[in-house]
Every structure is written in structure tokens, then in C-alpha cells.
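One line per chain: the protein sequences are A and B, in this order.
Note that the first sequence covers residues 1 to 590 in our numbering.
Note that the second sequence covers residues 1 to 95 in our numbering.
Quick caveat, the hints were computed from the structure, so don't treat them as lab data.
Note that the structure is a prediction, hence the values are computed from the model and not measured.
Even for Gly, the Cβ is constructed at its ideal location relative to N, Cα and C.
You may find that some hints are simply not true.
Computed spacing ranges between beta-carbons, pair by pair [what the hints assert, rightly or not]: (1) B:Ser50 to A:Ala223: 23 to 29 angstroms; (2) B:Tyr48 to A:His452: 58 to 64 angstroms; (3) B:Gly40 to A:Trp322: 18 to 24 angstroms.
Take a look, some chain A residues computed to stay more than 10 angstroms from chain B by CB distance [to be verified]: (4) Ser81; (5) Trp88; (6) Thr209; (7) Glu215; (8) Gly231; (9) Gly239; (10) Gln240; (11) Gly308; (12) Leu316; (13) Ile365; (14) Gly369; (15) Ala523.
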Amino acid sequence: MIPQPSPIAIGVFLIFVGATLALSFWFGSRAKSSAGYFAAGGEIHWFVNGVAFAGDYLSAASFLGICGLISLSGYDGFLYSIGFLAGWVVALFVIAEPMKRLGRYTFADALNSKFQSRGITLAAGLSALVVSVFYLIPQMVGAGSLIYPLLGLPHWLGVVVVGLTVVVIVATAGMVSTTYVQFIKGGLLVIFSGILTVLILREGLVARTDAAANEPQTLTTTADGRRLVNGVPQGLGEGQADLRPVGHISRLPGEIERTGPLGPLQYLQMIRDSEIVLWKSTTTIENGDKSVTFSPVPTPGEDILRPGRSALFQGLRGDALWPKLNFLSLMLALFAGTASLPHILIRYYTVKDQAAARQSTVVGIATIGAFYVLTLYLGLGAMTRGTIDLTDSNMAAPLLARSFGELIFAIVSAIAFTTVLGTVSGLIVAASGAIVHDLISGVAGWELSDHHKVRLAKLASIVVGAFAILLGIWFKGFNASFLVGWAFSVAASANLPALVMILFWKRTTKQGVTTAIVVGMVASLAWILLSEDTFKTVYGYPADEAARLACVPFSQPGLVTIPLGFLTLIVTSLLTRGTAESVAAAKASR
Amino acid sequence: MAHFGHGSATPTEVEDPRQVARNTRLGLWLFAVYCLIYGGFVVINAFYPSIMTWNVLGVTLAIVYGFGLILAAFVLALVYAWGCQRPVRGGEGPQ
Chain A
1 MIPQPSPIAI GVFLIFVGAT LALSFWFGSR AKSSAGYFAA GGEIHWFVNG VAFAGDYLSA
61 ASFLGICGLI SLSGYDGFLY SIGFLAGWVV ALFVIAEPMK RLGRYTFADA LNSKFQSRGI
121 TLAAGLSALV VSVFYLIPQM VGAGSLIYPL LGLPHWLGVV VVGLTVVVIV ATAGMVSTTY
181 VQFIKGGLLV IFSGILTVLI LREGLVARTD AAANEPQTLT TTADGRRLVN GVPQGLGEGQ
241 ADLRPVGHIS RLPGEIERTG PLGPLQYLQM IRDSEIVLWK STTTIENGDK SVTFSPVPTP
301 GEDILRPGRS ALFQGLRGDA LWPKLNFLSL MLALFAGTAS LPHILIRYYT VKDQAAARQS
361 TVVGIATIGA FYVLTLYLGL GAMTRGTIDL TDSNMAAPLL ARSFGELIFA IVSAIAFTTV
421 LGTVSGLIVA ASGAIVHDLI SGVAGWELSD HHKVRLAKLA SIVVGAFAIL LGIWFKGFNA
481 SFLVGWAFSV AASANLPALV MILFWKRTTK QGVTTAIVVG MVASLAWILL SEDTFKTVYG
541 YPADEAARLA CVPFSQPGLV TIPLGFLTLI VTSLLTRGTA ESVAAAKASR
Chain B
1 MAHFGHGSAT PTEVEDPRQV ARNTRLGLWL FAVYCLIYGG FVVINAFYPS IMTWNVLGVT
61 LAIVYGFGLI LAAFVLALVY AWGCQRPVRG GEGPQ
């Protein structure tokens, strides 16, 4: 769809970005030490940290990706909401307090508190970098998606604007400004998602029976690069046409035309008993012209409120085993991944003690849980209010807001944009911490003063930011939630076995930890790169050829690579136990 | 290895080992409870998906179970926070 930017949207956007940058400069003038830069000096209040957890965690994948998935296929998107929230249970009950007790600035600190090993620091630092970069991709893709309808700028320019803004935020004040940006963004995101949900419920559901709502649409890209919509050039001028937004209810129970205001449960009951028009796409290539035809598919509401409608999870309704294992694998990765994400873990260093770490996680769970409940209403609202952009599922939530007026669209889009800013800031702090504190200072052994450490971290944040911009441009068009699933798989496979076993198994050795991180990281990356999904969506192979070329039976690695990480740690620790004991005895005898 | 710089960025807390052990035990119990609920959800979806279409409260079981999982996480978190605040018998009081 072609964007129609409005002055209100541009004005609100500039106010949000200006306020964010002003906040960063203000904190930047106060934070000078490395403790301040990497961990906000451990002075953040637990409530602020809890909401900042939400700001850090509720990324483009949650707001744009999940709402988009729900709007296109229903319940399947909500599976991500459930998995993302469940991960916080692991964080609270298993990881939070030990993490605060053991670490200082980075994830590697906690792993290495017992062994002081260069190998662990190297492996954990690299793992933090890889996971952060994987997580950065969907954020930058989401930024590009947002800026297009908001400001009318092309995708690549949106990615560049986000990249530059974030680098300024991180390079000025590090974790302090990042925390407050995330706090404000997390709070605003939940509040405005709540407002949107109230508006959806207040308007209720309306049936559309006119033939125009069900007309198929075709987008053709000709061999010479021109774009045609239903056979005429794409545009907003005379003799041109654009794709129209879609999604409507074709039949309400009792054949009524509108329901009027509904309660939260009533809304879902009505959806279940209605018929909703979803859309499928068919691609054909003829004489070098690629045509995508979008056709309506009237679907019973009951079918929308159960898993298995989307291409991602359709295997759940069949008999084949591999798609079911793929689903188990994804849900395991989401469950285990949250407590293994470096940019989330370092937030435990910003509070003063373990009790504050615990309290802030409870606040985080409340805030994040409330948001995920709302995602179902936002997604279903977009599905039934004609606000789905068939070419970009990430735009469902902002376009839903536009259906309630230009001002709320402007505010929601600006919040979504700061959503990306908040998450990307956290990721870049984690990545620059891994580079400077772990790899340069810890592994390479550079003796750095506090001042130099901070300067080098700022330089690293610029490099990581530039890299993120390139990736964001390259991965244009991917669904953000799908990409985040990869980051969770790598994080859970590489980091969780080491974290858990250090806490709960006394026979863990430093060799076991190092090997588990490396094996978990390499195995999960290799699995992803050789999977059917990657052959199809990244390398661009047609579906049947991607299935033939794939070297692994299902696309999500967690079910195999997380246990592999644990197994590797146990076997290596048992094999190296004698060495570790003899070194300890030698030290003791000196 | 001076340049590793590990350890807390803030002054080390005074910990009561009995309280730490009690909190860890409580956390693991609650974690096990949630694992059962979450595991049940995932297994039903994967191997008995038709169960998720059951009508519960006028919507599907999938919706009720999904909301239940989110609510359960919050309730268990509150239980944990409350449990950890309680003083250990003969200990030094809450952290």
C-alpha cells in the first residue's frame, strides 16, 4: 500500500524522537563511570526497572509482529504471546536472584564468577554478540515498516533513522538513558494498547455483506520493475490504483448487522460464532512478470480461535510428526529463551539487590502479561475492521489505530517507533558490553581505565548500530515475530544450559561451560541456516525445492540443541573433572 | 586476571544462606508447577489439537487456557514474591 503521511503524524513522531534524545543528553551529562554506563550504577528503582523490562522485552516482534500474525490468521499469533510470557517464569524462579548476586556488567560475568576463565568469557561474549545481532534484525525491519506509512520515507531510510537515533541514545548515556527510554515506552505501550482495546470493544463488531469487500486483488511486478494493481499502475493519482486494506466480518450470529459495545468475553464469544473473511495469496510468474493474487476466504470464527491456521503452525492439524516437533521446539525455545537473552539479563545489574531484582521481575510479568492479553484484541480488531495491509503484516496495529482517527494513529505509531528505539538501545548496550568488557578487556587483556572503557563502549555501539542498519535493510519484508523465534533458539541453546548448570550442579567445570556455549550456539545456528524455512524465506527457494534441500527435519532447533547444550556440559564436565580437581589441589598446596 | 572485573557493580549484600536456600527451593517448586501447566498446553496443541476447540465459557479452550497461562504466571510470581519476603525461622528477617 502507498503511504499517506499526515502532518499530525509527522509532528507527534518528531516530538517523541526529540523528547527521547533530550532525555538521553540529560542523562548523558550525569553518567561518566563504566558502572554508570553499563549498569546504571545499580541505582534504578525496582518499579522503574520492572516497567523497563517490559519496555526492553516488548519489541517490534511483540507489538507489530504478533498483532500482524493474529490479524492474518488468528490464534497462531497468540501462541507467541503465551510463549514469550512463559519465559519470564524461568527468569523469575530460576535466574533473577543468582544473576544479580553473581554478575557485574555482562552475562559473561555471572557465568564466570566462579571460574575466572578466559575461555568462558570468550564463548559467552561471542554468544551475547550473536544473540543480540539476531534480535536486532527484526527490530530494524519493524522500524523500516513503521516509518513508511508514518512519514512516507522508504524502508531503508526508516532503518537508517532508527539506527542513528539509537546510536545517539546509547553513545550519550548508556544504560541510564536506555532504562528511562524503556520505562516510558513500556508504560505508554501498555496504556495505549489498553485504550485501543477499549475503543475496539466499545465499537463492537460490524458485518459487511457488500460484494466490493470480497473482490480479489492482484499486485503485479513486471519484468522491468513496474508495479501494477489489478492491471493498472500502482499509485494514488488518476488512472492509478492501490491495494485496499482488508479484513471484515461477513456474518454475525443471528444475522445482525452490528453488535454495539461488547465486554471482553462477549467480544471473543461473538467472534467465535461469526464468519470472518481472511485472505490467502497465490503467486504466479509469467514472462518475467510476478503476480500475487489475494483472494478472500470466509472462515468460521471457531476456526480462528484455535491453533493451526497459519502456514507456520498448519502442521498441528495434520498427522505428520515433524511439524508437531517443530511446534514443540519453538515453544521450548520461547520458554527457555527469555532467561537467556543477554540484553534482558543485564537489566538485573541495574537494581541494588536481589530483592529488587525479584520485585522488578514481578512488575515486569504484570506489565508484559497485561500487554499480551491485549495483543489478542488488537489482532482480532485489525482482522475485523478492514485494517490489514496485505503486503506487510507488521502494519496491522498502526493501521488499526488509524481506523480510530489520525491522532491516535500518530501516537501509536510514535510509540511503536520508540518501542523499537527502546529495545534496540538495550541490545546495543548488551552488544557493546560484550565487545569491550568481555572480549577486549577480559579476553584480549587490554588494561583499560574506567574512562577509556566507556569511550570504547561508545565506539563499539556505533559499529554495532551501523551493522544493525545493514541487516535491517537486507531482511526487509520478514515477519518480526518469526525472526525473533530464531534469536530465542540461539539464546536458549547457547546460554541456558551453562547458566542453569552453574547454579545447580556442583560438578560443572569451566571446560564444560565453555564447550556447552560453543556447541549450543554453533549447533542452533547451523540448524537454522540449513532449515526449510531459511531455504524458503532467506535464500529465496520455492517451497517444494526448499523442502527438498533442507538438511534438518524441522526448522526450529531448540528441541534438539537445548538438550544438546546440557548433554555437552555434563559430558565435558565429567571428562575434565579430574583436571579441575588437580588444578585446585595444586593451587591449595602452594 | 584482574581485568575480568567480575562481581557485583553494587556493594555485596549480606545474605542469610538459609533464606537463599529457602527462596531457591520455593522458586523451583513454583517453576515445576508452571512447567506442568505450560507443558500440558503445548502437548495438547501438538498431539490432541481438537481438544482446543472445546467450548468453554462460550469461547474455545485454546483461548481460556492461553489466558489462564498468562494469569497463572502472574499469580505464581506474586506467591513467590510473598514467600520470599517471609522471615526464615531463626533467620535474619526479610531481604
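*Is it correct that the beta-carbon of glycine 239 of chain A has no partner in chain B closer than or equal to 10 angstroms?*
47 angstroms, holds
*glycine 40 of chain B paired with tryptophan 322 of chain A, Cβ distance criterion 18 to 24 angstroms*: 22 angstroms, holds
*When you take the CB atoms of serine 50 of chain B and alanine 223 of chain A, is the distance between them in 23 to 29 angstroms?*
47 angstroms, violated
*May I ask you to check that threonine 209 of chain A keeps its beta-carbon over 10 angstroms from the closest beta-carbon of chain B?*
Holds, since 24 angstroms exceeds 10 angstroms.
*When you take the CB atoms of tyrosine 48 of chain B and histidine 452 of chain A, is the distance between them in 58 to 64 angstroms?*
Holds, at about 59 angstroms.
*Examine each Cβ of chain B, and state whether all of them lie more than 10 angstroms from the Cβ of glutamine 240 of chain A.*
At about 42 angstroms from chain B, glutamine 240 of chain A clears the 10 angstroms cut-off, so the statement holds.
_10 angstroms Cβ clearance of glutamate 215 of chain A from chain B_ = 31 angstroms, holds
*Was glycine 308 of chain A rightly flagged as not at the interface, with every chain B Cβ beyond 10 angstroms?*
6 angstroms, violated
*Would glycine 231 of chain A pass as off the interface with chain B, using Cβ distances and a cut of 10 angstroms?*
Since the minimum Cβ distance to chain B is about 41 angstroms, glycine 231 of chain A lies beyond 10 angstroms and the statement holds.
_Is the claim that serine 81 of chain A lies outside the interface with chain B correct, judged by CB distances over 10 angstroms?_
8 angstroms, violated
*asked:* Is the claim that alanine 523 of chain A lies outside the interface with chain B correct, judged by CB distances over 10 angstroms?
replied: The claim holds: alanine 523 of chain A sits with its nearest Cβ about 22 angstroms from chain B, beyond 10 angstroms.
*Closest CB-CB distance from isoleucine 365 of chain A to chain B, is it above 10 angstroms?*
Contrary to the label, isoleucine 365 of chain A does not stay out of reach of chain B, its closest Cβ about 5 angstroms off (not over 10 angstroms).
Violated hints, listed in ascending order, are 1, 4, 5, 11, 12, 13, 14; each of the other numbered hints is respected by the structure.
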